[in-house]
Structures are given as C-alpha cells and as structure tokens.
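There are 2 protein chains.
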Amino acid sequence: MRLMEEKIRQEGKVLSGGILKVGNFLNQQIDTRFLRRIGQEIAGLYRQEGVTKVLTIEASGIAIAAAAAMELDVPMVFAKKHKTSNVDGEIYSSTVHSFTHNTDYHIVVSRDYLLPEDRVLLVDDFLANGHALRGLIDLIRQAGAELAGVAAAIEKGFQGGGDALRAEGIRVESLAVIDRMDENGIVFRP
Amino acid sequence: MRLMEEKIRQEGKVLSGGILKVGNFLNQQIDTRFLRRIGQEIAGLYRQEGVTKVLTIEASGIAIAAAAAMELDVPMVFAKKHKTSNVDGEIYSSTVHSFTHNTDYHIVVSRDYLLPEDRVLLVDDFLANGHALRGLIDLIRQAGAELAGVAAAIEKGFQGGGDALRAEGIRVESLAVIDRMDENGIVFRP
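Chains as they are written, first to last, in the working numbering: chain A, 1 to 190; chain B, 1 to 190.
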C-alpha cells in the first residue's frame, strides 16, 4: 500500500531506540479519512477468505480492526490485557511477553466471542516481534476456530515477527513493511 | 434512538450490582453494522456544531468514537489511562476516581492533539456517574479548547452523571437513557 508508506514518510517520526511515532494519524490521534481507507485496503486483501470475525487487542488496534470489520461486514472482537491471570471457565487466556516493558501480561477474551466455526482475521496497528499476535493465535486455537490470516498497518520487518509467521504458512499482509529505519530515514520493503 | 433501546432489550443482560452487559454488541464484541449506525446517529446530532475533533478514553470508547468521527469527517483522539501521574511538559493529565475499582487513575493526552482552536465532541460507550467525562472535560479546558458536547451510547440515568452535566449547561446526548433496571427489566427514559 503506497498510501501507508507515503503517510509514514510525511507524518511519521523516527525516535531513538527503534521507535516509530505515528501517534498523530494512527494511534492516539487517528486520521479517520485515512482510517477508512486502511479498512478498505485490509478488507480488499481478505474479502475472498470467508472471514467471520476480526480479532485485535486493546487499545491501539481497536480503531483499525473496527474499520476493517465494518468493510468486511463482520463483528470485531478485542482481547483485553490483564496484569493477572485470573482464569475462570468463561474466558480464553494467553500470556504475552512485552519486551518494551520487560514484563508478562495476559490477554483474555470471553468464550462467547470466539466460536469453533469462526474464521478469524487478526488485525493490529504494529507487527514487530509478533508476540502479541502469537497470543491472539493461541486464543483462536483454544477456541477451535480457524485463522484466516494477519493484517498489520505497519510491520517492522527488521524485527522479524512477520517473516517468522509467514515461514509457518500463515498469511501475513502489512500495509507498509519497514526494513530499516534510523535518523537518516526509513527504507520500505519493495 | 429507538434502535439502541431495541438492541439493549434484545441483547443486553442485566447483572446484579447495577451492571448492564452489552459485551456482545457494544464492548469486547462489536456489531459493526450497528456501530456504523451509532456513528451516523451521533454525527447527525452534532453535525451543525462545528466539531473539529472527537475525544474519548481507551479502550471501550474507541470504536464508537472512531465511527462517529468517521461520519463527522474529523480526527479522533483517545486519552490513555495511566496508573501513575508522570506528568511531563508534553501532556495534559487529569485524575479520575473509579468507583468500580475504588482507585484513582490518570488520563493523559499529548498536547499536540488538543489545540486551543479545537471544538471537541466527547464520545463514550457508557455515561454513569460522569467522572471519566469530567476528566476529559478537564483536559479540554487545560488545552484551552471548547467543548461542543457529549455523546454517550448508553446513559445510566439513575446514576445522575448525565443530568449533572446538563444542569451545568453542557449538551449531553445519549442514544438510550436507562432510568431503572433490575431483574424485572429495563425502563428507558421517554
């Protein structure tokens, strides 16, 4: 998606420590006209895949997942992050390691919202090391549902999470893949 | 909005302790066709108000705020919840008391995303005691921006937060106002 690459070039900021700041259009502040186009783009990629549900994780994935789900005309579900793993019989739960905060957290979703007959598209704003997505994939497997694929707005290709998922046969589509970035600029994957 | 009342009657569940469960269409799982209609309804109510930005709070308000902002064709901003108040010069911050968890939390938004020239519509899924909304109003005042009004998907009228805001001259529009609810059913405000 050239659109996303252009937007990142125009409005994204590379900070030290491998952080790409897109808070002014994709996260915290959201350019809703752009959001609608992202939703259409993701829906276009997965329209033939029989998706019955879009799954994401709070909080920054919600707007993008909602936009994609609106275009696909399916429900959107978001997993919640919990500090503690208070598993009861009514939820699916998985553990995710956060390198940013060097801590584990738990993601949970009610069993009512992931069903064995679901074909689930995972949507998130960033795909970096892929740990959060692997947690979501674990929830899908616990539910006995099927994974249709992954759609990320921005993939940090140099962190390898997306390519590792692809190597396992999972369809991963990112609207922009960054192979390198530093103070000199951003190099997108062709 | 009859639509919201019907949806609550059909799919909402009243739990003990004054909790209305709408997780299967408005929160955690979101009915995106319904979400689009909510967005249109909110936009219709505020279209003449010169709104430049929609503001909400993570996480459950994001989808509704995004849907409304898409219809109004303005950016959407969400305040983040923090456990600690690590105020620096780059953010506006306010403190909110949560009765549910009997604790204070802090809401923050980058100064870049709330500007003195903004006319802000607050959107949230629930309006109960109104404390979270008052925190958001505080952020708007700190930014020197103007409050256009409040739109809530569901107002728990019996908790009084919405009426208190109205008494202060703030425009508050809720798509359904619940005046009473218990195991016998839900009574909507006419």
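Since the hints were made in silico from the structure, they are not lab data. There may be inaccurate statements among the hints.
Claimed, not checked - Taking lysine-lysine pairs in the DSS-like style, the calculated list, with each CA pair at most 25 Å apart, reads:
#, chain 1, residue 1, chain 2, residue 2
1, B, 80, A, 13
2, B, 21, A, 13
3, A, 21, B, 21
4, B, 21, B, 81
5, A, 83, A, 13
6, B, 21, A, 83
Unchecked claim - Chain A is faced by these chain B residues, among others (derived, beta-carbon under 8 Å):
#, residue
7, 45
8, 62
9, 104
10, 105
11, 115
12, 116
13, 146
14, 147
Backbone N, C-alpha and C define an ideal beta-carbon position, used for all residues, glycine too.
These are the hints, each one checked on the structure:
Using a Cα cut-off of 25 Å, the hinted pair residue 80 of chain B and residue 13 of chain A holds, with the two alpha carbons roughly 20 Å apart. Taken as a hint, the residue 21 of chain B and residue 13 of chain A pair is broken in the structure, with Cα atoms around 40 Å apart against an allowance of 25 Å. Annotation: proposed proximity of residue 21 of chain A to residue 21 of chain B is violated, straight-line Cα distance about 36 Å (limit 25 Å). In summary, the hint linking residue 21 of chain B to residue 81 of chain B is supported, as the alpha carbons are separated by about 22 Å, within the 25 Å threshold.
With a C-alpha separation of about 30 Å, the suggested pairing of residue 83 of chain A with residue 13 of chain A is violated against the 25 Å cut-off. Only pairs whose Cα atoms come within 25 Å are accepted, and residue 21 of chain B paired with residue 83 of chain A is accepted, the gap being roughly 22 Å. The interface hint given for residue 45 of chain B is violated, since its Cβ lies 17 Å from the closest Cβ of chain A, which is over the 8 Å cut-off. Checking residue 62 of chain B against chain A by beta carbon gives a least distance of about 4 Å; that is within 8 Å, so the hint holds.
Interface hint status for residue 104 of chain B: violated, as the beta-carbon distance to the closest one in chain A is roughly 17 Å, over 8 Å. Annotation: residue 105 of chain B was flagged as interfacial toward chain A, and the flag is violated, the nearest CB pair being 13 Å apart, outside 8 Å. For residue 115 of chain B, the shortest C-beta to C-beta distance to chain A is roughly 11 Å, which exceeds 8 Å, and the interface hint is violated. At its closest, the beta carbon of residue 116 of chain B sits 16 Å from a beta carbon of chain A; the interface hint therefore is violated under the 8 Å criterion.
For residue 146 of chain B, the shortest C-beta to C-beta distance to chain A is roughly 18 Å, which exceeds 8 Å, and the interface hint is violated. For residue 147 of chain B, the interface hint is violated, since its Cβ never comes within 8 Å of a Cβ in chain A; the closest pair sits about 18 Å apart.
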